[in-house]
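Based on these hints, arrange chain B on the given structure of chain A.
Protein chains: 2
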Amino acid sequence: MKSIHIGIIGFGTVGAGVAETLLNNGDIIAKRTGYHAVLKRIADLDTVTDRGVKLPEGMLVSDAMQIIDDPEIDVVVELIGGTTIAATFIQKALERGKHVVTANKALLATQGKKLFAIAREHHVDIAFEASVGGGIPCLKALREGLAANRIKCILGILNGTCNYILTRMESERTDFEVILKAAQEAGYAEANPSLDVDGFDTAHKAAILASLAYGHWFTASDVLTQGIRNVTLDDIQFAADMGFRIKLLAVIKELNGRVQLQVRPSLVPVTSLLGNVNGVFNAVWIQGDVVGNTMYYGRGAGRQATASAVVADILDAGFHILDHSPARPLGIDDDDAMETVSPDESYSRHYIRLQIADRPGVLAKVSGVLGDCGISISTATQKEAQAAYTQMILITHQARESAVRKAMEILDTLPEVHEKPVVFCIETLE
Amino acid sequence: MKSIHIGIIGFGTVGAGVAETLLNNGDIIAKRTGYHAVLKRIADLDTVTDRGVKLPEGMLVSDAMQIIDDPEIDVVVELIGGTTIAATFIQKALERGKHVVTANKALLATQGKKLFAIAREHHVDIAFEASVGGGIPCLKALREGLAANRIKCILGILNGTCNYILTRMESERTDFEVILKAAQEAGYAEANPSLDVDGFDTAHKAAILASLAYGHWFTASDVLTQGIRNVTLDDIQFAADMGFRIKLLAVIKELNGRVQLQVRPSLVPVTSLLGNVNGVFNAVWIQGDVVGNTMYYGRGAGRQATASAVVADILDAGFHILDHSPARPLGIDDDDAMETVSPDESYSRHYIRLQIADRPGVLAKVSGVLGDCGISISTATQKEAQAAYTQMILITHQARESAVRKAMEILDTLPEVHEKPVVFCIETLE
Numbered sequence: 378m379k380s381i382h383i384g385i386i387g388f389g390t391v392g393a394g395v396a397e398t399l400l401n402n403g404d405i406i407a408k409r410t411g412y413h414a415v416l417k418r419i420a421d422l423d424t425v426t427d428r429g430v431k432l433p434e435g436m437l438v439s440d441a442m443q444i445i446d447d448p449e450i451d452v453v454v455e456l457i458g459g460t461t462i463a464a465t466f467i468q469k470a471l472e473r474g475k476h477v478v479t480a481n482k483a484l485l486a487t488q489g490k491k492l493f494a495i496a497r498e499h500h501v502d503i504a505f506e507a508s509v510g511g512g513i514p515c516l517k518a519l520r521e522g523l524a525a526n527r528i529k530c531i532l533g534i535l536n537g538t539c540n541y542i543l544t545r546m547e548s549e550r551t552d553f554e555v556i557l558k559a560a561q562e563a564g565y566a567e568a569n570p571s572l573d574v575d576g577f578d579t580a581h582k583a584a585i586l587a588s589l590a591y592g593h594w595f596t597a598s599d600v601l602t603q604g605i606r607n608v609t610l611d612d613i614q615f616a617a618d619m620g621f622r623i624k625l626l627a628v629i630k631e632l633n634g635r636v637q638l639q640v641r642p643s644l645v646p647v648t649s650l651l652g653n654v655n656g657v658f659n660a661v662w663i664q665g666d667v668v669g670n671t672m673y674y675g676r677g678a679g680r681q682a683t684a685s686a687v688v689a690d691i692l693d694a695g696f697h698i699l700d701h702s703p704a705r706p707l708g709i710d711d712d713d714a715m716e717t718v719s720p721d722e723s724y725s726r727h728y729i730r731l732q733i734a735d736r737p738g739v740l741a742k743v744s745g746v747l748g749d750c751g752i753s754i755s756t757a758t759q760k761e762a763q764a765a766y767t768q769m770i771l772i773t774h775q776a777r778e779s780a781v782r783k784a785m786e787i788l789d790t791l792p793e794v795h796e797k798p799v800v801f802c803i804e805t806l807e
Numbered sequence: 378m379k380s381i382h383i384g385i386i387g388f389g390t391v392g393a394g395v396a397e398t399l400l401n402n403g404d405i406i407a408k409r410t411g412y413h414a415v416l417k418r419i420a421d422l423d424t425v426t427d428r429g430v431k432l433p434e435g436m437l438v439s440d441a442m443q444i445i446d447d448p449e450i451d452v453v454v455e456l457i458g459g460t461t462i463a464a465t466f467i468q469k470a471l472e473r474g475k476h477v478v479t480a481n482k483a484l485l486a487t488q489g490k491k492l493f494a495i496a497r498e499h500h501v502d503i504a505f506e507a508s509v510g511g512g513i514p515c516l517k518a519l520r521e522g523l524a525a526n527r528i529k530c531i532l533g534i535l536n537g538t539c540n541y542i543l544t545r546m547e548s549e550r551t552d553f554e555v556i557l558k559a560a561q562e563a564g565y566a567e568a569n570p571s572l573d574v575d576g577f578d579t580a581h582k583a584a585i586l587a588s589l590a591y592g593h594w595f596t597a598s599d600v601l602t603q604g605i606r607n608v609t610l611d612d613i614q615f616a617a618d619m620g621f622r623i624k625l626l627a628v629i630k631e632l633n634g635r636v637q638l639q640v641r642p643s644l645v646p647v648t649s650l651l652g653n654v655n656g657v658f659n660a661v662w663i664q665g666d667v668v669g670n671t672m673y674y675g676r677g678a679g680r681q682a683t684a685s686a687v688v689a690d691i692l693d694a695g696f697h698i699l700d701h702s703p704a705r706p707l708g709i710d711d712d713d714a715m716e717t718v719s720p721d722e723s724y725s726r727h728y729i730r731l732q733i734a735d736r737p738g739v740l741a742k743v744s745g746v747l748g749d750c751g752i753s754i755s756t757a758t759q760k761e762a763q764a765a766y767t768q769m770i771l772i773t774h775q776a777r778e779s780a781v782r783k784a785m786e787i788l789d790t791l792p793e794v795h796e797k798p799v800v801f802c803i804e805t806l807e
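Protein chains in written order, with the working numbering: chain A, 378 to 807; chain B, 378 to 807.
So that you can see chain A by itself, here it is in the shape it has in the complex (with noise of 0.2 Å):
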C-alpha cells in the first residue's frame, strides 16, 4: 500500500487533535483511501506541554523548517493561526512543491488571492475545509456537491462562542455581559473576545463562503459587520414571544448580478433548522437554484470536530499527490471583480423595537411614519407600562431595507420615541 507523508506546525489544540485522529484511525483511513496517511513530524515551539496524545520518539520539533524542507514530507499542516509568520510558512511549504492543508479563516480571508496564486504557480494545492464551519464538510458541499448550482443565498451559524451566548441568553434569561463572563470563565469565549462577539470571526467565513459561491475574491473588509453586543435579553424574549429566534448570521445573497454580503444579528423562526441550531454548534443554509434549500450542521470548532474536517483535506490532497493528477479548480477569478451590494437595495421581514411615551396616539403616530415609507406591518405589540415608558414591537411585511432605514431615521426624531430603535432583519428561510 502506498503512504503520504504529513507534517504539522502548530501543536495546540487542533494540531493533537490531527495528530491524535491520523495516529488512532489510521486504519479506518486506509481502508476508506488504499493508501497509509503516514505523520511524520509535528512542529512547536513548546515541545514540552503535555496535549494528551503519546507521539513517537523524536516525532516533535521546534523548527517548522524541518518539515517544510524535508523533502519526503507531501503535505504541511499549518495550524499556528494568525497572518503573518503562518502566511510564511504557508508560501515555503507552496514553493517546495507541497500541498497545504489550514484552518486558518483570517489568513484565508485576507490573504487568500496571493497564496493561491502562489499555489498555483507550484501546481500544488490549499485545502481549508475547516476554516468554515468546523468539522462540517460545508465547503466540499458547496464546492462540489452543489458545483451544478448557480448560489441564491447561504445563510450561516458560524461563530460558536456567538451562539452559545445567544442560546445561554435565551436558556437564563440573563444578560449578555454575565453570559459573556461565564463563556469566557467556562473556556467558550476568549479573555478578548472581540474577535468572536463583534463578528469579525464569521465576517471572515462569509468572505470565504461568498468568494466559493461567486467566484471572485471577497475579503473580510467587503463584508458588513455587526456583532451581538446589541442584542439585548428584552429582544430575545420578544422574539422568542413571536416565535424567532435571534441568531448571529453570515448573510450571503446574490442581488441582480451584485452580491449582499452581511453579518448581522437575525431572527429566524424558532421551528426553523437555523432555529435549532443552538450551543456551540453551527450551520450553514445554501439555496441553490436547481437543489433548493439545503442545510449542513455539525460542531463549529474544537479539537476534535476540526480535525476530522483537516483529515479530509489530507486525504483529498493524498489522492492528487498519489494520482498526480490537479487538485479541483477553486474556480474563482483572479481578475474579473464583484460588486457587493448595499443591504439598502435588499428585501425582508423586519424586527423593530421601540422605546416609547406611554400614552395615546402613538402606535397610530409610528405606524403612519412606517405607512409613508412604504412599509406594512405584519404583527404590532405594546408591552405593559412598566415607567412612563414602554415598548413598541413591530413585525413588518417584506420591506427594502433602505425604506426601513429612512423610517428609523423619522421616528427617531419624534418626541415621543425614546433611544434609536433597533432594528434587526427576519430571515424566513423560504
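No lab work stands behind these hints, which were simulated from the structure alone.
Take the hints with a grain of salt, since some may be wrong.
Same chains, same label: a pair holds when it works inside one copy or across any pair of copies.
[Unchecked claim] Within a straight-line C-alpha distance of at most 35 Å, the following computed DSBU-like cross-link-like pairs (lysine-lysine) qualify: (1) K431 x K417; (2) K431 x K529; (3) K491 x K558; (4) K408 x K379.
Fair warning: this is a prediction, and the values are worked out from it, not measured in the lab.
Structure of chain B alone, referenced to chain A:
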C-alpha cells in the same frame, strides 16, 4: 477549454432535470470546473412527450445503444430505474470504459457488489450521490468529508412521501389513509405506495449508507424494515404531548463491531433538528467518533434536486476522465462480511402505548411487569377513558430492546391489556 461528453438514458422527470441543468447552467459549471460538460445525447423509448426542456435537433433518440456505443461519450447517466434493463445498460456502459452515474438505489442495494466489480475491472467508476437523500450531498459528506471518522451512528429521514404523510397527519390531525389518498392525488405518493410507506425505499438507502459507512456490502434484505402504516394519529398526538415527533428513520448503528440496520418509525424530540425536518424534505444525521454529530438536509427527491446531485457526480467523473486519474475507491471490502446485529442487543428509550381496562390497579400491574423486566419508566400518562378502555402512554428510560420485547409479550397476555401494545423507539440524538 477541454470537454467531457455526456449521454443520458431515461428522459423522465429526473432525466429532464439533468438535461435542463446541463443546458442552463453550463456557464457556471465551466467556471467552477474549468471544462465544458457537454450533453451529447438522450435516449428514451418515448421521443414525443414534451418534458419542458428545449433540446437541440436530433439529441433525443429512442435507442440507448446509440449512447452506450458512442465512443465520444465519456459519461453515461442511467435514469430509467428498475433492476433489470438498467443493470444491463450500466454493465454494457462500464464494459465500454464509460463512467456511469445513477440514482438507482434499488439496483445498488441489490446488485451493487456485482456492478462495482465490473466497474473496477474496466477502470471506471459508478457514481450514485442521488441514490440517497436526493439533492443532499450526503454520500460525499460520509465518504469524503468524514473519511477520518469511525461512524458510530446514522439516522436518516430518507423517504419524502413518508415524511410528507407523517407531517400532514400531525398538522391536520387526520388519519393515515386519508392523508395517503390526498398525497396520491397531489402526486406525492405513488398509486401503489408500498415501496414508500412500507419502508422498502428507505431500506434500499439504508443499505447503501451502511455499506459506505462500514466498508462491507449490505443489501436491502439485511435491513429489518417496518413502515409507517401502523403509526396512528393517536400515537402522533400522544408523542407530540410528550415533546416528540414520529419520523420514519433509517437506523444504522455500530454495536460492538456489528451493525444494527433497521428502518422503523421512531420518536425524535420536537426541538431536535430531525424533529424539524418536515414535509417532503430529507435529512441524514451522522455521528462520527472524531467530528461528533453532524446533519445534512435538503430535498430528497424531485426533478431539480435529484438533478443537482446527478450533475455533481458527472462533474466529479469529468475530473477523473480529463486527468486520467482513478476515481476515489469505494472503500468496501468485497470478501469480508460484517454481521448485522439483532436490535435485541440495542438500548434506547421507548414509547409504549397500551389500551387498558379503565379500573384500579392496572398501572401498578403494568409497571410491575416492566420493573420485573428491568425497564425503568420515565413518564406515564393515562388518558381520560372514553369507553371501558383507556390509553396509557409510557416513556421509558434507556432499556434493552430484548427486555422491552419480552415485557410486551407478557403485557399482551394480561386480561387488562386490550390490543397488542404499540412500541416505538426514541432517538434522543445525543
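For each hint, the structure was consulted:
1. For the homomeric pair K431 and K417, the shortest alpha-carbon distance inside one copy (14 Å) is at most 35 Å, but the shortest distance between copies (56 Å) is not.
2. Only between protomers do K431 and K529 lie at most 35 Å apart by alpha-carbon distance; the minimum there is 24 Å, versus 47 Å within a single protomer.
3. Taking identical chains as interchangeable, the C-alpha atoms of K491 and K558 are never at most 35 Å apart, the minima being 38 Å within one chain and 59 Å between chains.
4. In the homo-oligomer, the alpha carbons of K408 and K379 lie at most 35 Å apart both inside one protomer (12 Å) and across protomers (33 Å), since each shortest distance falls under that limit.
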